[in-house]
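The listed protein sequences derive, respectively, from chains A, B, C and D.
Residue 21 in the working numbering sits at position 16 of the first sequence, with consecutive numbering throughout.
Residue 130 in the working numbering sits at position 125 of the second sequence, with consecutive numbering throughout.
Residue 125 in the working numbering sits at position 120 of the third sequence, with consecutive numbering throughout.
Residue 285 in the working numbering sits at position 280 of the fourth sequence, with consecutive numbering throughout.
Among the hints, erroneous ones may be present.
No distinction is drawn between identical chains; accordingly, a pair holds when it is met within one copy or between any pair of copies.
[What the hints assert, rightly or not] Distance condition first, Cα-Cα at most 16 angstroms in a straight line; then the derived EDC-like pairs of lysine to aspartate or glutamate:
no.: 1; residue 1: K263; residue 2: D404
no.: 2; residue 1: K419; residue 2: E350
no.: 3; residue 1: K263; residue 2: E303
no.: 4; residue 1: K272; residue 2: D295
no.: 5; residue 1: K272; residue 2: E303
no.: 6; residue 1: K252; residue 2: E329
no.: 7; residue 1: K419; residue 2: E329
no.: 8; residue 1: K410; residue 2: E268
no.: 9; residue 1: K77; residue 2: D8
no.: 10; residue 1: K415; residue 2: D378
no.: 11; residue 1: K80; residue 2: D343
no.: 12; residue 1: K246; residue 2: E384
no.: 13; residue 1: K80; residue 2: D275
no.: 14; residue 1: K419; residue 2: E324
no.: 15; residue 1: K263; residue 2: E289
no.: 16; residue 1: K80; residue 2: E254
no.: 17; residue 1: K252; residue 2: E289
no.: 18; residue 1: K263; residue 2: D378
Think of the hints as simulated: they come from the structure by calculation, not from any bench.
4 protein chains.
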Amino acid sequence: MLDPNNTYVRIFHYSIHLLVVYSAIEVPLRFALDYEVTPWLLAMDIVVISLFAVDIVVNFNTALMHRGELCKDPKVVRSKYLRGWFGIDLLATIPFELIATGLFSETHRVIRIIRLLRLSRLLKLVRFNKISRDWHTNRVLNQSVVRLVFFSFWITLSAHWLACGWILLGGVSAAEHVGREYLSALYWAVTTLTTVGYGDITPITVPQTIYTMVVMLFGVAVYGYVIGNISTLLVNTDEAKARYVSKIEELNAFFTDKCLPYELQEKIRDYYNHLWQSSLGHDENQILSDLPPTLRTEVALFLNRDIIQMVPLFRNAHEDFVRELASHLRPALFMPGDLIIHKGETGDQMYFISRGTAELLDDENHPLATFTDGSFFGEMALILSQPRTANIRAVEYCDVYILRKNTFEKLLDKFPDFREEINKILEARRQALPGMQEKADREKSEAARNE
Amino acid sequence: MLDPNNTYVRIFHYSIHLLVVYSAIEVPLRFALDYEVTPWLLAMDIVVISLFAVDIVVNFNTALMHRGELCKDPKVVRSKYLRGWFGIDLLATIPFELIATGLFSETHRVIRIIRLLRLSRLLKLVRFNKISRDWHTNRVLNQSVVRLVFFSFWITLSAHWLACGWILLGGVSAAEHVGREYLSALYWAVTTLTTVGYGDITPITVPQTIYTMVVMLFGVAVYGYVIGNISTLLVNTDEAKARYVSKIEELNAFFTDKCLPYELQEKIRDYYNHLWQSSLGHDENQILSDLPPTLRTEVALFLNRDIIQMVPLFRNAHEDFVRELASHLRPALFMPGDLIIHKGETGDQMYFISRGTAELLDDENHPLATFTDGSFFGEMALILSQPRTANIRAVEYCDVYILRKNTFEKLLDKFPDFREEINKILEARRQALPGMQEKADREKSEAARNE
Amino acid sequence: MLDPNNTYVRIFHYSIHLLVVYSAIEVPLRFALDYEVTPWLLAMDIVVISLFAVDIVVNFNTALMHRGELCKDPKVVRSKYLRGWFGIDLLATIPFELIATGLFSETHRVIRIIRLLRLSRLLKLVRFNKISRDWHTNRVLNQSVVRLVFFSFWITLSAHWLACGWILLGGVSAAEHVGREYLSALYWAVTTLTTVGYGDITPITVPQTIYTMVVMLFGVAVYGYVIGNISTLLVNTDEAKARYVSKIEELNAFFTDKCLPYELQEKIRDYYNHLWQSSLGHDENQILSDLPPTLRTEVALFLNRDIIQMVPLFRNAHEDFVRELASHLRPALFMPGDLIIHKGETGDQMYFISRGTAELLDDENHPLATFTDGSFFGEMALILSQPRTANIRAVEYCDVYILRKNTFEKLLDKFPDFREEINKILEARRQALPGMQEKADREKSEAARNE
Amino acid sequence: MLDPNNTYVRIFHYSIHLLVVYSAIEVPLRFALDYEVTPWLLAMDIVVISLFAVDIVVNFNTALMHRGELCKDPKVVRSKYLRGWFGIDLLATIPFELIATGLFSETHRVIRIIRLLRLSRLLKLVRFNKISRDWHTNRVLNQSVVRLVFFSFWITLSAHWLACGWILLGGVSAAEHVGREYLSALYWAVTTLTTVGYGDITPITVPQTIYTMVVMLFGVAVYGYVIGNISTLLVNTDEAKARYVSKIEELNAFFTDKCLPYELQEKIRDYYNHLWQSSLGHDENQILSDLPPTLRTEVALFLNRDIIQMVPLFRNAHEDFVRELASHLRPALFMPGDLIIHKGETGDQMYFISRGTAELLDDENHPLATFTDGSFFGEMALILSQPRTANIRAVEYCDVYILRKNTFEKLLDKFPDFREEINKILEARRQALPGMQEKADREKSEAARNE
C-alpha cells in the first residue's frame with residue numbers, strides 16, 4: 006500500500022488537483038464559447054484523462070487516514086473507495102469527446118451534448134473540500150491565509166462559471182472577438198456578485214433576466230459568506246490581543262472612575278504591557294497543564310534542562326530526576342523593585358532567572374552581585390531550613406522559574422539514591438556553612454561568565 | 006381530542022401550510038395584475054377555502070402543547086384557540102370573491118375591493134413562525150439548513166410581494182405580456198433588495214419614488230439580517246472547531262516563542278489532532294455529567310455493557326450492579342509509548358480499552374501480548390493490593406475507560422451480596438496467586454479472539 | 006426642585022423632544038429650499054422658541070440623577086446645568102429669524118445667513134443620546150426594539166439632511182415643483198446610503214462630486230454600523246437559545262459518534278427540550294444567587310409562600326421563619342419514572358411539587374395516591390430519622406423544591422420558639438406514629454382538592 | 006544612543022511619517038497625471054530626500070524596544086536595522102528624479118521610468134503598521150477611535166491609488182482640466198469601492214475592464230474588512246454593557262414567567278441599575294486581584310489611605326501597617342433598608358463607607374446619627390468580642406469597605422509593635438467601656454465635619 010504522506014504520492018495528488026482546476030476552467034469555457042479544439046487542447050485533454058485514470062489506480066492502493074490512524078488493509082481501503090469517490094473519479098475519466106469524435110460524424114448537436122457530459126469532470130472539485138479540511142487542521146499554516154486563499158479560489162471559479170452561463174444565454178454580444186466576449190461576461194459576473202451593479206450590461210431576454218436574478222440572490226449569499234468569513238477571521242485572530250485591549254480599556258475606565266494618579270496608572274499599564282509583550286498573550290502554565298504528562302515533561306525538559314544542569318546540586322542527578330524536576334518548575338514574574346528574596350525570612354523556594362536582571366543587596370541596599378538570564382539562587386533553601394542571608398531585588402521585569410521545597414522533597418522520595426547524595430552534600434556543607442553563600446555566588450558568576 | 010403528533014394531523018397541517026403559501030403567492034398577484042379568473046383558479050379557490058374551514062374545526066379539536074406538556078382538556082383548548090388564532094383563521098376562510106360575484110354585478114371597482122379583502126388570507130402566514138420555532142427546537146435537523154430554508158422562503162416571498170407592489174404602481178410598462186410584466190417587476194425587486202441596483206428600471210412618478218425608497222431601506226434591513234444570519238451560522242457551526250484551531254494557533258505562537266524543536270512540535274500538534282479527530286470536539290465526560298442520573302446511567306450502560314460483561318469477575322454480577330458500574334467508568338487517553346501500568350507500582354485502577362492497542366511487556370521490554378479494542382487488564386487491583394507484575398505500554402493512542410478501586414468499593418458496599426461473591430473469588434485466587442496473571446491473560450486473549 | 010420622574014415634567018420633556026425633531030427637519034429644509042415663511046410656520050417658530058425658553062427655566066429647577074441617586078441641591082443642579090447644556094439650550098432659543106425681520110430690510114443675503122444661524126437649534130439633538138441611554142438601561146422595553154427605533158430615526162434624519170445638502174448644491178433640477186425637488190434629493194440620498202446606486206441621479210459639478218464621495222464613504226460607515234447593529238441584535242437575543250441549540254447539535258454529534266439507539270437519543274433530547282421549554286433558558290438558581298440577600302428572600306418568599314403555608318408543620322410558624330425557609334428552598338427536576346423517594350432509605354429532605362405529577366406506590370408498585378402542583382411530601386424526614394415508608398415516583402417531569410434537614414435544623418437554631426413547638430408536635434406524633442403517613446396523605450389530598 | 010521615547014526623536018519620527026504620507030500621495034499622482042514639476046514641488050522633493058537620509062542616520066543610533074525592554078547595544082541595533090528596514094529606507098532616499106534630470110536630456114520615456122522608480126518610496130508606508138501596533142497597545146487612546154482613524158487613512162489612500170491607476174489606464178477623459186480629471190477618477194474609485202456603482206463611469210477598453218474587476222473584488226474585501234471592523238468595535242465596546250443588558254432581559258423573562266409583582270420587579274431592576282451606574286461594569290475586586298502584590302497594595306493604599314487614617318485606632322500605626330491594611334479591605338454593597346450592623350450580634354468586621362448614607366438607630370428605630378461618605382463604624386469589633394450595641398441601617402445604596410477581624414489579627418501578628426499599642430488602648434478602653442460608643446460617635450461626627 007502507498008503511504009498518503011509519501012512525498013511522491015503527495016506530488017501526484019497536487020498534480021491531479023492542478024488538472025482538476027484546469028478542467029474546472031476549460032470545460033465550461035469550451036461548452037459556452039464553443040471554440041475549435043486545437044491540437045494543444047486535445048493533447049491536454051489526453052493528459053488529463055490518462056492522469057485521472059492513474060489516479061483511480063493510485064487511490065485503490067493508498068492507505069487511508071481514519072480517526073487519526075492510518076488504515077492499511079487493502080480490503081477496507083478498496084471497499085471504502087468503491088463506495089466513496091470511485092464513481093465520480095470514473096465518470097471524470099471517460100473521454101467523452103474522444104469517443105464522440107471517433108464514433109460520430111461531427112454534427113454540432115452531438116458535440117454540444119458531449120461537452121455537456123464533460124462537465125461531469127467538475128465533480129472532482131468536491132475533493133477540494135478535503136484539502137481545505139486538511140489544511141485547516143493538520144498544517145502549520147496560518148488559518149486566516151488558508152481561508153483567504155480558499156475564498157479567493159472559489160469566488161474566482163464561481164465568477165468564471167457565471168460568466169460562462171451568461172455567454173450561453175447570449176448576455177453579451179457574440180459579434181465581438183471571443184476573448185473580449187468572455188471578458189465582458191466575466192466583468193458582468195464580477196459587477197453583479199460584488200453588488201456594485203454599474204448597469205452597463207443588463208439582461209434583456211427572459212432567460213437572461215431569470216439568470217440575473219438567481220445570480221444576484223446567489224451573490225448575496227456569497228457576499229454574506231465572504232463578509233462573515235472575513236469578520237470571523239478578524240475576530241478570531243485578535244482573541245489574545247482583544248483580551249489585552251479590553252483589559253486596558255477596563256483599567257482606563259477604572260482609573261478615571263477612581264482618579265488614580267498618573268504615575269500609578271502608567272505603572273499598571275506598563276505591567277500589562279510587559280505581560281503582553283513578553284508572552285504575546287499565551288499562558289505558558291495553561292499550555293503545559295493542558296498537555297498529557299509525557300509531553301508536558303518533554304517540553305519542560307527542553308525549556309529548562311540547561312538551567313537545571315548548571316546548578317551544582319543537580320550536577321550528578323540522574324536523567325530521570327532532571328526530567329521530573331523540569332516538569333515541576335513554575336513560572337513567575339517579578340516587577341522592577343520587587344524583593345524576590347527577603348533577608349531573614351526562612352525560604353522554601355529556589356529561583357531560576359529565565360529573563361531579566363536581579364541583584365544581591367548588602368545591608369545598605371548596595372548591589373553586591375547581579376544575576377541575569379540563566380542564573381539561579383536560593384538553592385540552599387531546598388535542603389536547609391535557615392533564614393535567607395541577604396535581600397535579592399529585581400532590577401527589571403524578571404521572568405523566573407520557581408522550584409518549591411516540598412516538590413523537591415517529593416522528588417527525593419521518588420529517587421532515594423539521589424536523596425543519599427544530597428544528604429552527603431548536606432553533611433559536608435553543614436560543616437562549612439559560614440563561607441557557603443559566597444562560594445555559591447562565585448560559582449554562579451563563573452557560570453554566568455561561561456554562558 | 007386529536008393528538009398534534011398524529012401522522013394524519015401532521016399531514017393535514019402540512020397541506021394547510023402549502024395552501025397558505027399558495028395563497029400568499031396567488032392573492033397579491035391577482036390583485037396586482039388583475040387577470041381573469043380561470044375555472045382552474047376558481048376550483049383552487051374553493052379547495053383553499055374549504056380546507057381552511059376544515060382547519061378551524063381541526064384546531065378546535067387538537068390538543069395543545071403547553072410548557073412541554075400536552076393539554077387535552079377541550080375547554081382549555083377551545084378557549085385558547087378562540088382567544089388566539091381563531092379570528093385570523095375565520096377571516097381567511099370567508100370566500101369574499103365568491104360572495105361578491107354572487108351578490109353584485111361584476112363592476113371592476115367592487116372586484117378590486119374584494120381582492121383587497123382577500124389579502125387577509127396572508128395573515129395565516131404568521132403561523133409559519135410557529136413551524137420555524139418547532140423546527141428550531143424539536144427536530145434532529147441541522148440548524149444551519151433550517152435557517153437557510155426559512156431565509157430563502159421569506160426572501161423569495163418578500164421579493165414577490167414587492168414585485169406585486171411595483172406593478173400596482175405602474176413601475177413596469179403594462180403594454181407587455183402579463184408574464185413579462187411580472188418578471189420585470191420581480192427583477193426590479195431583486196436588483197434593489199440585493200443592493201446591486203443596475204438602474205435599468207428606475208422610479209418615475211412620485212409614488213414610485215417613495216415606494217422605491219421604502220424598499221431600499223427595507224432591503225438594507227433584510228440584507229443586514231441575512232448577512233447577520235449567515236455570519237452567525239458560520240460562527241456557531243465552527244464553535245468546537247474554532248476552539249481547536251485557536252488552540253493550534255496558540256501552540257504555534259508558543260513554539261515560535263520558545264524555539265521548540267520541530268519533532269516535539271509535531272508530537273504536540275499530533276496529540277491535539279488525535280483528540281480532535283477522535284472526538285470531533287465533544288467532551289464525553291462533560292456530556293454525561295450534564296445529564297440527570299437516570300439518563301447518565303442508561304447512556305453509560307449502553308456504551309460499556311459489552312466490555313463489562315466480558316470481565317470474568319463481573320460475570321455473575323447483578324444487572325443493577327452493572328448499571329452502577331457502567332456509570333462510574335471514566336474515559337482517559339494514553340499516548341503512544343506511555344506506560345499505562347508500571348511494573349512494581351501498587352495499582353488501584355482497572356482499564357478497559359475502548360479504542361487503540363497496548364502491549365504487555367516482559368522484563369526486557371519485549372511485547373508478550375497485545376490488547377486491542379474491547380479488552381481489559383489490571384482488574385486484580387480492584388480486589389488485591391499487590392504490586393503490578395509487568396509493564397503495559399500504549400502502542401497507539403489508547404482511549405481507555407478507568408475503574409477506580411474506591412469507586413468499586415463503594416459499589417460493593419451498596420451490593421453486599423456481590424461483595425460476598427467477590428470475597429469467595431478472592432479467597433480462591435489468593436491460594437492460587439502465582440499463576441493468576443497468566444490465566445487472566447489467556448482469558449483475555451480468548452475474549453479478544455471471540456470479538 | 007422638580008422631580009425628573011414626575012409625570013408632568015416627563016410630558017414636558019417629551020414635547021420638547023418632539024419640537025427638537027420638528028426643528029431638525031424644518032430648519033435645514035427651509036435653508037435648502039429657501040421657501041416663503043407662511044403664517045403657520047411663523048406661529049410654529051414662536052411656539053418652538055417660547056417652549057425652548059421654558060425648557061431652560063425647567064432645567065434650572067429639575068433635580069439631577071447622579072450615579073444612580075437623585076441630587077436635589079439647587080446649587081449643584083444649576084452649576085452643573087450652566088457648565089453643561091445651558092449654552093446649547095440658550096443658542097437654540099435665540100429667535101434669529103424674528104430678530105432679523107425686525108431689524109433689517111429683507112435682503113436675501115441676510116436671510117440666508119440668519120437661516121444658517123438657525124441650524125444651531127440642531128445642537129439640541131445631542132440630548133437624544135441621553136434618551137437612548139435611558140431607554141437602554143432603565144426601562145422594561147425590549148432592547149432590540151429600542152435599537153431599531155433609534156436606528157430608523159437617525160437614518161431617516163441623516164437621509165433628510167443629506168437630501169437638503171444635495172438640493173443646496175443643485176444636485177436636482179430646481180425647475181421642478183419644490184416638493185418634487187425635495188423628493189428627488191431624498192431619493193438620491195437613500196439610493197446612495199443603501200449602496201443600491203441606480204445611477205439615475207449622478208453628480209455633475211465639482212462640489213457635487215466631492216459631496217457624493219463624502220456621502221458614499223459616510224454611507225459605508227452607516228451601513229456597516231447598521232449591519233453590525235442588526236447582527237449584534239441577532240446574536241444577543243438568541244443567547245439562551247443558541248446555547249440550547251448548540252447543546253442539541255453537540256448531542257447529535259455525540260449520538261452519531263457512539264451509535265446510541267434512537268429511543269435513548271429521543272429521551273435525552275426530550276429532557277433538554279423540557280428544560281428549555283419549562284424555563285426558557287433562565288436558571289432560577291443562578292438568578293436568585295446573584296441577588297443580594299434581602300431581595301433574594303423577597304423573591305423566594307413570593308414564589309414559595311403559598312406552598313409553605315399549606316404544610317401543617319409550618320402553619321403556626323412565625324412570618325420571619327417562613328421568609329428564611331422560603332429563601333432556602335432549592336429547585337430540582339425529576340424525569341418521568343424517577344423515584345423521588347426510595348422506600349427504606351432514611352430521607353433527609355422534604356419535597357414541594359411546583360409543577361408536575363408524582364404518585365405514591367404500594368409494595369407492588371400500584372399507585373395509591375397522586376401528588377400534583379402545590380402538594381408536598383416527605384416532611385416528616387425533617388424532624389424524624391426514620392426510613393421512608395413507601396416509594397414515590399415522578400409520573401411526568403416534576404419541578405420540585407427541596408428543603409434539606411440540615412437547613413431546617415439551622416433555621417430552628419435561629420428560631421428557638423419554633424423549635425419548642427416542633428418538639429411538641431414531634432412528641433405528639435411519636436406516640437401516634439403508625440397511622441401518621443396515611444393521615445398526612447389525607448391532608449395532602451384535601452389540600453390538593455382545595456386548590 | 007538616542008532614546009526612542011525622547012521628545013525630539015518622537016517629533017522627528019512624526020515628521021518623517023508626515024513626509025511619507027506626502028510621498029504616498031504625490032508620487033503616484035505625478036506618475037499618473039504626468040504634470041510639470043514646479044519649483045515648489047522640487048523643493049519639497051529635496052526636503053523629503055534629505056530628511057529621509059537623516060532618518061537613516063537616526064535609525065542607526067536609536068535604541069530598540071525588544072520584548073518590552075530597551076536594547077541600547079549599538080552593535081545589536083545596527084545589525085538589526087541593516088537586516089531590517091535599512092534596504093527600504095535607502096531605496097526611498099535615492100533621488101531618482103534629480104539624478105535623471107542631471108544625467109539625461111529630458112526625454113519623456115526616461116522620466117516615466119524614473120517616476121516609476123520613485124514609487125519605491127511608498128515602501129516606507131509599511132512602517133505605519135508599527136505605529137498602528139504601538140497605538141493599539143501602548144497608549145491611553147480609545148481603541149475604537151484608533152481603529153477608525155487608521156481605517157479612514159488607509160481607505161482614503163487606497164481610493165487615491167486606485168484613482169491614479171484609473172487615470173493611467175485612460176478611464177477618464179484626459180481632455181479635461183487635470184484637477185477635474187483626478188476628481189473624476191477618485192469619484193469612480195469611491196463609487197466602486199463602496200459598491201454603490203452608479204455606472205456613470207464604466208470601463209471601455211480591455212485593461213480598464215480587468216482593472217475594474219480587480220478593484221471590485223478588492224473592494225469587496227475592503228468592504229468586508231471595514232464592516233467586520235466596525236461590527237467588532239460595536240461588539241467589543243459594549244461588552245460590559247451587553248452583559249448588563251442581557252442580565253436585565255433575562256430578569257424580565259424570569260419576571261414574566263414567575264408573575265412577580267411589579268414593585269419587586271422594580272426593586273430588582275433598580276438594584277442592577279445601581280450596580281451598573283456606580284461601577285460602570287468594572288469589578289474592583291477582580292481588577293485588584295489581577296494585579297501583582299506590589300501594585301495591588303499601591304492602588305489599595307491610594308484608594309483607602311484617607312479613610313484609614315481617620316480611624317483613631319490607626320492614627321499611630323506604622324506606614325507599612327497602613328499599606329497592608331489598605332490592601333486587605335474588601336468592597337461590599339448594602340441596599341437601602343438593609344441592616345449593616347444588627348444590635349446584639351457579636352460582630353467581627355469594621356466598616357468604612359465609601360459612598361452612601363447609613364444611620365445609627367435607637368431602640369425604637371429612630372435615627373440617632375448619620376454616617377456618610379468617608380465615615381466608619383464598628384471598629385471596636387476588631388479588638389473586642391462584645392455584642393453590637395445598636396442597629397445601623399443603610400439609607401441609600403451604601404458602597405462600603407469591610408475589614409475582617411481575622412485579617413486584622415494576621416496583620417497584628419506581622420506588626421508586633423502595633424499589637425502592643427492596640428493592647429494598651431484596649432486596656433484603657435475596657436475600663437471606660439460604657440461611654441465609649443458615644444465618644445466614638447462624637448469623634449466620627451467631628452471627622453465628618455472636617456471633610
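The hints, checked one at a time:
1. K263 to D404: The answer is between: 14 angstroms across copies meets 16 angstroms, while 30 angstroms in one copy does not.
2. K419 to E350: between (29 angstroms within a copy, 12 angstroms between copies)
3. K263 to E303: between (47 angstroms within a copy, 13 angstroms between copies)
4. K272 to D295: The answer is between: 14 angstroms across copies meets 16 angstroms, while 32 angstroms in one copy does not.
5. K272 to E303: between (37 angstroms within a copy, 10 angstroms between copies)
6. K252 to E329: neither (36 angstroms within a copy, 26 angstroms between copies)
7. K419 to E329: within (10 angstroms within a copy, 36 angstroms between copies)
8. K410 to E268: neither (38 angstroms within a copy, 33 angstroms between copies)
9. K77 to D8: within (8 angstroms within a copy, 53 angstroms between copies)
10. K415 to D378: Neither: 27 angstroms inside a chain and 36 angstroms across chains, both beyond 16 angstroms.
11. K80 to D343: Neither: 67 angstroms inside a chain and 31 angstroms across chains, both beyond 16 angstroms.
12. K246 to E384: neither (37 angstroms within a copy, 45 angstroms between copies)
13. K80 to D275: Answer is neither: 63 angstroms inside a copy and 27 angstroms across each miss the 16 angstroms cutoff.
14. K419 to E324: Answer is within; shortest intra-copy Cα gap is 13 angstroms, inter-copy 42 angstroms.
15. K263 to E289: between (33 angstroms within a copy, 10 angstroms between copies)
16. K80 to E254: neither (61 angstroms within a copy, 34 angstroms between copies)
17. K252 to E289: For K252 and E289, only the inter-copy Cα distance (13 angstroms) is at most 16 angstroms; the intra-copy one is 19 angstroms.
18. K263 to D378: between (38 angstroms within a copy, 14 angstroms between copies)
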